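If you're matching them up, the sequences are chains A and B in order.
Following the working numbering, the numbering of the first sequence begins with 1 at its first residue and continues without gaps.
Following the working numbering, the numbering of the second sequence begins with 609 at its first residue and continues without gaps.
Calculated from the structure, these hints are not laboratory results.
If you're wondering where the values come from, they're calculated on a predicted model, not measured in any experiment.
Hints are all accurate, no fakes.
Taking lysine-lysine and the DSSO-like style, the derived pairs with C-alpha atoms no more than 30 angstroms apart in a straight line are:
#, chain 1, residue 1, chain 2, residue 2
1, A, LYS41, B, LYS639
2, A, LYS227, B, LYS646
3, A, LYS41, A, LYS111
4, B, LYS646, A, LYS446
5, A, LYS158, B, LYS639
6, A, LYS386, B, LYS639
7, A, LYS62, A, LYS112
8, A, LYS167, A, LYS41
9, A, LYS40, A, LYS80
10, B, LYS649, A, LYS158
11, A, LYS167, B, LYS646
12, A, LYS446, B, LYS653
13, B, LYS646, A, LYS158
14, B, LYS653, A, LYS158
15, A, LYS80, A, LYS183
16, A, LYS112, A, LYS386
The chain contents come next:
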Amino acid sequence: MNVMVGFFRSCIEWGCNFFRSQGRRQMLRFGDGVDSGRSKKIMLVGQPNVGKSSIFNALSRKYVDVSNYSGTTVSISRTKISIGGISGDLLDAPGIYDLHGRGSDDEMVTKKMLSEADLVINVVNALMLERDLRLTLQLLHMNIKTILVVNQMDEAEKRGFSVDAQKLSQFLGIPVIKTVAPKSLGTPELLTALVEAVSNDFSADSFSETELRRSDIDELVSQVTTKSIPESSEEKVFPDTVLLNPYFAWPIALLIFFLMFKFLGIYVAGDLVDYLSSFFGFTYEAAVSAALADCSPFIKRVLLGDFGILTMELKTLFVVLLPLVTAYNAAMSLLEDSGYLPRLSVLTDNFFSHLGLNGKAAIPILLGFGCSTMGIFSTRMLETKKDRTIATAIIGIAIPCAAQQGIIIALLSFTNSYEIWLVYIFVMLAVICVTGKVLDFFLSSKNSYLLMDIPPLRFPSLRNCVRKTVFRSVGFIRSMLFMFTITCLIMTVLNEFRVLYYIQNSMAPLIENMLNLPKDFANIFVMGMIRKDVAAASLLQMSGIGAQSALTNIQILTATVVISLFVPCINALVVIFKERGWREAVALWFASFFISIFVGWLLTISIA
Amino acid sequence: MKTETLYDLAVGNKAEIVDFFDENVRELSEKFGLFRGKIIKCVAKNGPIVIENRFQKMALGKSLASKIYIH
Ligand SMILES: Nc1nc2c(ncn2[C@@H]2O[C@H](COP(=O)(O)OP(=O)(O)O)[C@@H](O)[C@H]2O)c(=O)[nH]1
Ligand SMILES: [Mg+2]
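Bound conformation, chain A alone (with noise of 0.2 angstroms):
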């Protein structure tokens, strides 16, 4: 029995380690409570969007997401931080609203943590007290010990509003502590404060009365808060007025996109890729193959052969992919950081009804355009099971990444067709529509209610865009060096023995005569269960780049959406194991593969 537990919980750590070495979101660590006695446990608390994961990064060398949305925080992240010589863990949490009343899973979860933490930061909306407060009094009555951190002052103040700090911590017997946050204003107070409260005993005790009323709330924030122009001139914020209108939202929205399109598909993907293909290609593949002339030739084949370490995969991953994947999380992080992602999933709350879900699932389905592990990842943020089932099937189907996108354009720019590119878009559309329906169908609960915060739009900061891109790319690069060069070994083993030849042969009807494809397209299909970017990327050479295309554009078109659509790879098909349970993750594999063969058959044959 023990050796059962014990295999389970290193699994489950193989399976955290796994993503921490992605330098994604760091995981909760099995066991800490128990080996990390001396240390104090600090938690940030707060409801979501107040600025919590931007005190968190202000006070530790760290980085966590920062996005202008609530929910951009799913999992719970630490780090270690030294507090006067005392060393500490602080614990970003996912936003919570509420400590009483029933809430989801993820806020029991922060609610467990908490009552773990020797200490609180409770940080709040200096614009939004009569919201934030009521969480505070509730720290407070359950006699957790807490510093109150009034953040967004900066935005306060640019309304005319200032708060009385001094007041306000006599009021509630706590250290108050104003600051601006991305730009690290007021964290050295903090830090003072912290030294203070983890080494003096101060408890919150005299909070112990029956929990304050809301009128009492109210009361107390306006007795702390003064307002120095008046209340009429102050929310005439023009682009939400167009932003949130029904006839130029929709314009404005297929703008961004075309231009991130224009910006990814055109100068990064095609330009920029081709002019560091030219520049590398030649010179690298000559040193690289003088320099190992020496060698055997079965290590010749395993790092220079058709799935070569150093050749295929440094080249794909440095000249094609990495250069997309960058622009691509530059891009994101810029919508991000605006909080136009929030007025996106408003427009799109229509759309995504029919589906089963509800307008807020719009920000992770599109965060899985860049990273299918993150857009799932982030299905979190969505409230009900089904939400997040049918968000993740439509993630794990029908959105190719960041990645993949890149191929997939090169490879429909072959075709030099405006039709190919707008049957490719409408199957792809077609299949997220009937996947939606088709679950929605089945998990016949009612449609969650859309209820979600706008934040003010801003001006993205660049310092966050820059740190959060670099973040992501480097924990691509990490990821898949392991992983292709994991595909690449594979495939040449599996080339060494023959094997390649017999699945090819064997999949030889599906693929000739259902698809009309040529057989070498079951090498794609073998590297599309281990990265579909990867077998993306040979497809891209198997149609020869910028030499004649060696398929016609109908071949094109279908191999492109059978990739699109094939199995998801095994990075997200772990997230979706660890998020969904492994029922959800093998219907999922199984449902995906059937979908881009059959979808690729009707498109064969409704064409020809």
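Got chain A; can you put chain B with the ligands on it based on the hints?
Relative to the frame of chain A, chain B with the ligands by itself:
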């Protein structure tokens, strides 16, 4: 008088929240600071309704907004 719902509020108009359809709706709304007696303003109606409660902007789907009663 529980006939007028939040979803009926026209863009630019203000109203006071007076009641909720059931406990579930009340709990959900209160999480976001929508209590009885709050004066809110409709800023857009584009599928979901977007309302403003002082500096806080939020979007409510039609099915939720028509379960919140206003006056
Ligand atoms: N203007 C301003 N923006 C802030 C401040 N703190 C955070 N933000 C922005 O608010 C958004 C949410 O921040 P984040 O740290 O992700 O909030 P969390 O959800 O509480 O972790 C991001 O776009 C931040 O750049 C602040 O003090 N001033
Ligand atoms: Mg956060």
